[in-house]
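According to the working numbering, the first sequence is numbered sequentially starting from 13.
By construction, these hints were calculated from the structure, which means they are not laboratory data.
A few of these clues could be false.
Pairs of lysine-lysine residues, derived as BS3-like cross-links and limited to a Cα-Cα distance of at most 27 Å, are as follows [to be verified]:
id: 1; residue 1: Lys-695; residue 2: Lys-735
id: 2; residue 1: Lys-695; residue 2: Lys-575
id: 3; residue 1: Lys-596; residue 2: Lys-656
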Amino acid sequence: MANDEVVNGVSERGGHPVEQKLMRQWSMRIKAYAERLLTGLDKVDWTDSIKDQQRNWIGRSQGASVHFKVDGFEGKTIEVFTTRPDTIYGVSFMVLAPEHPYVDEITTNEYRVAVEQYKKEASLKSERDRQADVKNISGQFTGAYAIHPFSGEKVPVWIGDYVLASYGTGAVMAVPCGDQRDWDFAKHFNIEIRNIFKDIDISEAAYAEKDAVITGSDFLNDLPAKEAIKRAIEEIEKRGIGKGKVQYRLRDAVFSRQRYWGEPFPVYYKGETPYLVDDAHLPITLPEIDKYLPTEDGEPPLARADKASWNYSQGDRMEYNTMPGWAGSSWYFLRYMDPHNENEFVAKDKVEYWQNVDLYIGGSEHATGHLLYARFWTKFLFDMGYIPFDEPFQKMINQGMILGRSSFVFRLKFSYKGEEKFIFVSKNRMDNKSFASELSKLYPDSSLEYVLDFTPIHADISLVDNDVLDIEAFKKWRPDFADAEFILEDNGTYVCGHEVEKMSKSKYNVQTPDELVEKFGADTLRMYEMFLGPLEQSKPWDTKGINGVHNFLRKFWRLFHDKDGNVSLSNEAPTKDNLKTLHKTIKKVEDDLDRFSFNTGVSNFMICVNELTDQKCNNREILEQLTILLSPYAPHIAEELWVKLGHQPGTILQASFPTFNAEYLVEAAHAYPVSFNGKMRFKLELPTSFSKEEVEKAVLADAQSQKWLEGGQPKKVIVVPGKIVNVVL
RNA sequence: GCGGAUGUGGUGAAAUUGGUAGACACGCUAGACUUAGGAUCUAGUGCCGCGAGGCGUGGGGGUUCGACUCCCUCCAUCCGCACCA
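Use the sequences and the hints to build the structure in full.
Have a look at this one:
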């Protein structure tokens, strides 16, 4: 069960108890690639946001591992990882994670009961709970002491759940003067806080910056922290008590799932030992089973299959787990290059030809999942010599999500004659708290109690019009609402709340485009989605403006037809204005395509069609070029008009893309915006051949300038030829 | 707390290299037309003002002849991470 399906220890759907169970899982050693996954980010063209998320996730930290001997346990050492080996003389205690394997062994009899008790408490908390519970400092002394590797002093060993078993070695050397968590722990348990920073006050908080000078630390004295780190590592290595080390937060990735729908592993077992199925027997396909459910004793669904239902089986049994979604999503793009190849996943010459994906448009929600796994997988295949690149996606654009507008009903829980009851309260009655009088009317009993406990519940948006709920439809919608009661607005309606969220079946806010396609056609929908705004931006789905795009396509269509709807095209040479409009559009649309600015691309088409309409242009040559230009945006209408233009048989897909010719855009005159002190006051049309001086002269001589000059002389006149004029007064 | 992003009319937005802020579209206002079509056409539409004009890109400051754009600072919203030693 997924974590979010578990609520308060029971399953969200059936309310069944959920217990945690240890399971043997396959996992992939992504950790082995941590460093390369980090450095590889420098050579791909992705957003900083995704790169940072991945860097964060990989969590590289540089430091040292140090071994502390345990007093009275010959040959036993506690290994810790620290990023601040320079503060080693500030160590006044050590903390092990409660799950650390040494805990039982080193705990003295005196502390055994307390340690057992603490371990038990910690084990009841999941890792999530622990993280949510940062404020509470807890821990327990074990009675054991470690030996400081430099000073030889005895250092008490504690256990505490702020130390995570899953990171580093599951143990830390605590330096309260330099680490806030250690400081908090020391304060709480009254442990010595040793200050090894020169002229730094640590009475109120730890000092974590790496800019202090070290003191009271023998060979590290008077060194600034950064140098002391290097020096400390040298010394640690020299004395053989540890070494410089890089630690990653990234964990190995679990690669098995206990469900039916996934690629089966080509693995069989003899006893408890797994073996790989020989290549000759591949592929292993999913066996048929009676129910897609786990077995009675909790084995995955595949355990239901007997040997005969597998297309191949060997040994005592086949593997029951299946692969996760990221098995396929990590490398499917490679298979696309050579989908019918029976012998290998992709032939060498094909992958050498296609290389990695040039442009990947995908959601940023996969930053630390799919997008990391695919990189890992690609690097592995590169190392194995199967593919000639080690980054899968060269450039990536994260398209924004189209969000939904959810509707909510508000369920009030109350008790009546000792019985728990629910009623749905309309939004405004809830907001202004006027529901109470209504409730006591419906339940006229002095023993009525209610708690101010409103639960917003998603209502299907098809049951809601303009935030008003169709009550009868709502009752029929789900059986548990059949007898629902309501407190309505004064006008007798139920008003819902709303929120913009991700579109999702579970939120009942999904809008399908089918109806719009029916009404306006797929071209309109396609262009409207582009027109909504920049590709990377998320926004709620709102069809208010779709008419504008639809009208544009109608207007475009009208250019080809007379008012009776018959095709009417002129075969004469296009006018200068026609050509100017067309070529301006070619240029802009091309530029917009290059920078993935589809919304401005659409508006450039609109401008073009508006201009051609004003020019009453029905010129075949112009319209033919424009149709080709539009075809990636509105493929259906373009294809249809292509036929009307007389290209049959054939498809517009085979037409060559229009080429921009700058000659048509050359202007003899430019309307200069004339500014005074940076404020645009009027425009003045001047020949483009004018020099700076000529422009300046013409502007100052113009009658309109007099008003702003007020008889004075300008301090300065800035002329940017072909652009603007600014007169400084 | 750390990191990333965003902030412009009534609305979605545009301004690509520091050079006319609000293109294009929705909506709205007034009008025309009519075969009444999710039509078409004309004019208007950032705010204040009768006007001249003033103000205006989250707030404040700066650089510049000129700033939505560059710098400093603050605020708000969204996303990701968060006891990682």
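Open item on the list: Hint check: Lys-695 vs Lys-735, CA-CA at most 27 Å. Holds or violated?
Closed with: Satisfied, since the Cα-Cα distance of roughly 11 Å is no more than 27 Å.
- [ ] For the pair supplied as a hint, Lys-695 and Lys-575, confirm whether the alpha-carbon distance does not exceed 27 Å.
- [x] Given pair Lys-695, Lys-575 is violated - Cα atoms ~39 Å apart, limit 27 Å.
TODO: Sort out whether Lys-656 lies within 27 Å of Lys-596, counting only the CA atoms.
DONE: Holds. Lys-596 to Lys-656 sits at ~25 Å (cutoff 27 Å).
Hint 2 alone, counting from the list given before, is not met by this structure.
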